[in-house]
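> Chain by chain, the residues run as shown.
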Amino acid sequence: MHPIYPPLKFNTMNFFDMIRNIEKVDPEIYERMDTRRKTMQQFARTGRALALTALPLALGSLFKKAYGRDTASVVGVLQFALTLEYLEAEFYTKGVATAPIPAGPPLAAITTIRDHENAHVTLLKTVITQLGSTPVAKPTFDFSAGNGSNNGPFKDVFTNYALFLAVAQTFEDTGVRAYKGQAGELMENNDILTAALQIHSAEARHASHIRSMRRALLNNTTIKPWITGKDTGGIGAAVQASYNGEDLTTQAGANIVNIGNTGISVAAASEAFDEPLTKDAVLAIVDPFIA
Amino acid sequence: MQKEKWQLPENGSEGFILPQQVGRRKFLTYMGFAASVAGASALLTSCDKDDDDNTGVNLGGGDIGILNYAYALEQLEAAFYTQVIASQYTGISASELALLTDIRDHEVAHREFFRAALAGNAIGSLQVDFSKVDFSSRTSVLNTAKAFEDLGVAAYNGAGKLITTKAYLELAGKIVSVEARHAGYIRDLLSNGSFADNTVVDAQGLDLAKSPAEVLRTASAFLKTKINASNLPTS
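If you read the sequences in order, they're chains R and L. Numbering of the first sequence is given in the working numbering, commencing with residue 1 and proceeding in unit increments. Numbering of the second sequence is given in the working numbering, commencing with residue 1 and proceeding in unit increments.
Bound-form chain L, shown alone (with noise of 0.2 Å):
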């Protein structure tokens, strides 16, 4: 049963459905005490990849854009990764290749798992522009890590929230909690006890949550690919 809602539709055209599983929420706003089927036709409406007033790639609405969303930031991630690899920096020990090639290994699973899970609603392949980073320097590298970490998991907690659809947030869940824990170890490289000190946890125990616009502000440094957020939901 769980499997069968996870089938996205294979296009953006008149195949689109509403995820099967409709939330609480949706399920209000469809019975009209809020405002009609705006969340259905704001989903019907979304998932056009090249919206032509909007320069850039265009994630989409709905549960679709933050799926999206997700996977522009994976695909970060993995490019990054497969270049640390692939020129590693200068004085690199075995146990950091080890677990830095995890992480890489990490990053590429989510990009192809969201790859395959968007099908045809996936956006295309972002170019990267990592050009302010040095990769033959250890905290060149691991500083860039640091971020991308960081704010991996801080768009994942702040889009949680954005998220309709059950096994939608179930699956944003297991692999956030896999980015802090890449988080937690690349800090500790840096930094032995920086895991989770108070530049991302906070007096009350609470990790950051961030906006996808605060999120891609800080992301489009790396990106030639400009995106196009702007049909995300925001609420």
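Isolated chain R, as found in the complex (with noise of 0.2 Å):
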């Protein structure tokens, strides 16, 4: 069974050695890997079923389990943020062709924000090109959220200012949390890592703007630039699940409320962290405006 190619370096005892080396390094090696008894037994059984020249893909492979992180995953992470993109980018887009926004700063600061949806589609197409890969086709979208019957609980969207703005709101908000759940994702590439974030850190300056505008327009202070616990900023039921998980108060193990003494209260303490939000806790969220 032995194969009889010239001897490698690589062996299973090195790759013992190797392990161990690791392990000094990253304790929690065995658990990325499945086990660490697994993890022997395995390559205990590959050492000796397979040719040695198979054991590097072996490894390889086990590597990228424990590890992650190709390029295809931060493809995957582009593709996704494209979908959310082509959201925000039509239904601005559609907002200010139809939407009654009234002229002046509301409709000049819609019009910003259609504009940097738009930028950020253009450059999510452009990178995942580059990265080899077929951008997502824009999906066909119902912002009545209702699941493309077009006469879901948002169905008034286009003709009711107040409305538009609340489900504005929640996309922004959507949108910065989908970034950060995915900015560990992108860790291997800091082009595309920083160009995230920079995207990112703008979609909370429109959320920003946009609670000013509701805010403003409501004549409601409880509505702020931030998040405060996983209020909805009076939208309701139908949005809460973009809010929920936004009321955490403790960071890293630390309680952040009065933290130091310093009287912080528990909504300072929840606005003064947004949290991520999964993938998957963000596809279910869009899913009712995809047809």
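Since no wrong hints were added, every one of them can be taken at face value.
Calculated pairs, DSSO-like style, for lysine-lysine (alpha carbon to alpha carbon, straight line, at most 30 Å):
id, chain 1, residue 1, chain 2, residue 2
1, R, Lys155, R, Lys230
2, L, Lys224, L, Lys132
3, R, Lys125, L, Lys166
4, L, Lys161, L, Lys224
5, L, Lys166, R, Lys279
6, R, Lys138, R, Lys279
7, R, Lys279, R, Lys230
8, L, Lys161, L, Lys210
9, R, Lys279, R, Lys125
10, R, Lys94, R, Lys138
11, L, Lys166, R, Lys230
12, R, Lys138, R, Lys125
13, L, Lys166, L, Lys210
14, L, Lys226, L, Lys132
15, R, Lys125, L, Lys161
16, R, Lys138, R, Lys155
17, L, Lys210, R, Lys279
18, L, Lys161, L, Lys226
19, L, Lys161, R, Lys279
20, L, Lys210, R, Lys125
21, R, Lys94, R, Lys155
One side of the interface only, derived from the structure: several residues of chain R facing chain L at Cβ under 7 Å:
id, residue
22, Ala119
23, Lys180
24, Leu197
25, Ala202
26, Gln251
Derived from the structure by calculation, the hints contain no laboratory data. The model shown is predicted, which means the values in this text are computed figures rather than measured ones. All residues carry an ideal CB built from backbone N, CA and C; glycine is no exception.
The task is to assemble the complex, starting from two chains supplied on their own in separate frames and drawing on the hints.
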């Protein structure tokens, strides 16, 4: 069964040495790879059963499983982001064209945001193409949140200005949380990570402004540029999923409420940190908006 | 599991360990594909708070250095807004007072969080210099606030790629969007609609990102304490 290849430097013994060394740097290596015992067993088996040349390949797939993140997953994140940007871009494009947005500062602001979202679409398509993939196609959207019926809870979104702003707020706050949830997946590519962070904070600026617009329009001082607890800003149950989890007041095990005896309130503790959303949570949130 | 990854070492001596979530780059580095264990040794040697060759407060290196960098900026912002609320500008409206008080509390929360998280690795308290700010003037206060918020956003955006531990990157992400919300609000107070104008968001829809060196050059005008960022990672 022993192959007649020239002796390779790489053999199972080296592997065990190597893995012990990795363990010193990364104590969680076995958790990444399954358990320690399973890993060792698997490699003992692999070492016997496979031709020696196949071992680096097996090792490669194991490390890929442990440390994840290849180009494919970066592209996956970008395709996900592109879908969200399509949603926002079309929403604002349609809004500027058809919604009763007052002329002057309100229309100017929505136009600024529209332009940014369109620019994000263009940028993401370019990067995905540069990475050798084909950008996903733009879905057909239903901004009434009716799953294609165009008769969902937001069916007046392009005729009711206050509702338009409410949906805009939800899209922006959700977008911020969505990018935040994906940043870790982009760590291997500095340029793409930085661009994603730059989009992320631009979305947060949008969210801040839309919230200020709602605060002024509704004359409601409980609506702030930032998110308090998991409050929807008076929009209600239809968008609650976009805010669930935002009420966290501990960070990295530290209780932020009154931290350092500074009198930080529960509200301020939650406002001071925006929380990420998982890809699945975001997809569930946007699902009603996709026909 | 996530929480445990956040436990930072208590001090910079032998108890200092590598962040448990070893990033891919560091892993490859370790594997000898790059410069041996340079990453690890940089971390091990960089947490000395008072390097004698350099004047000023040494932020340290590696992820700890980046966290101290963020802590320094949050100290600056917290001190500024504490002063803003303590000596309110002429003509401040109830709404402005309420939201500026919120911002003060957010910045204090950020500062205290970093202090707690860094524990024995934290730099000391910085001395600020706000002599250029006229706290009785709305324009002076809000222009300074705008500068700080935009700077903070650009600082986090620029430092993200320098972080090797995923959990720290996520933490920075949780804070930077709040800073961007502040920035949008403050800008709108100065000029409605300027929340994301082309001085901060470019034609591609990208907010600014700045390196620590650029950021500290600006921030140093408001700091009596000198900051030594020479051990921070640069790529």
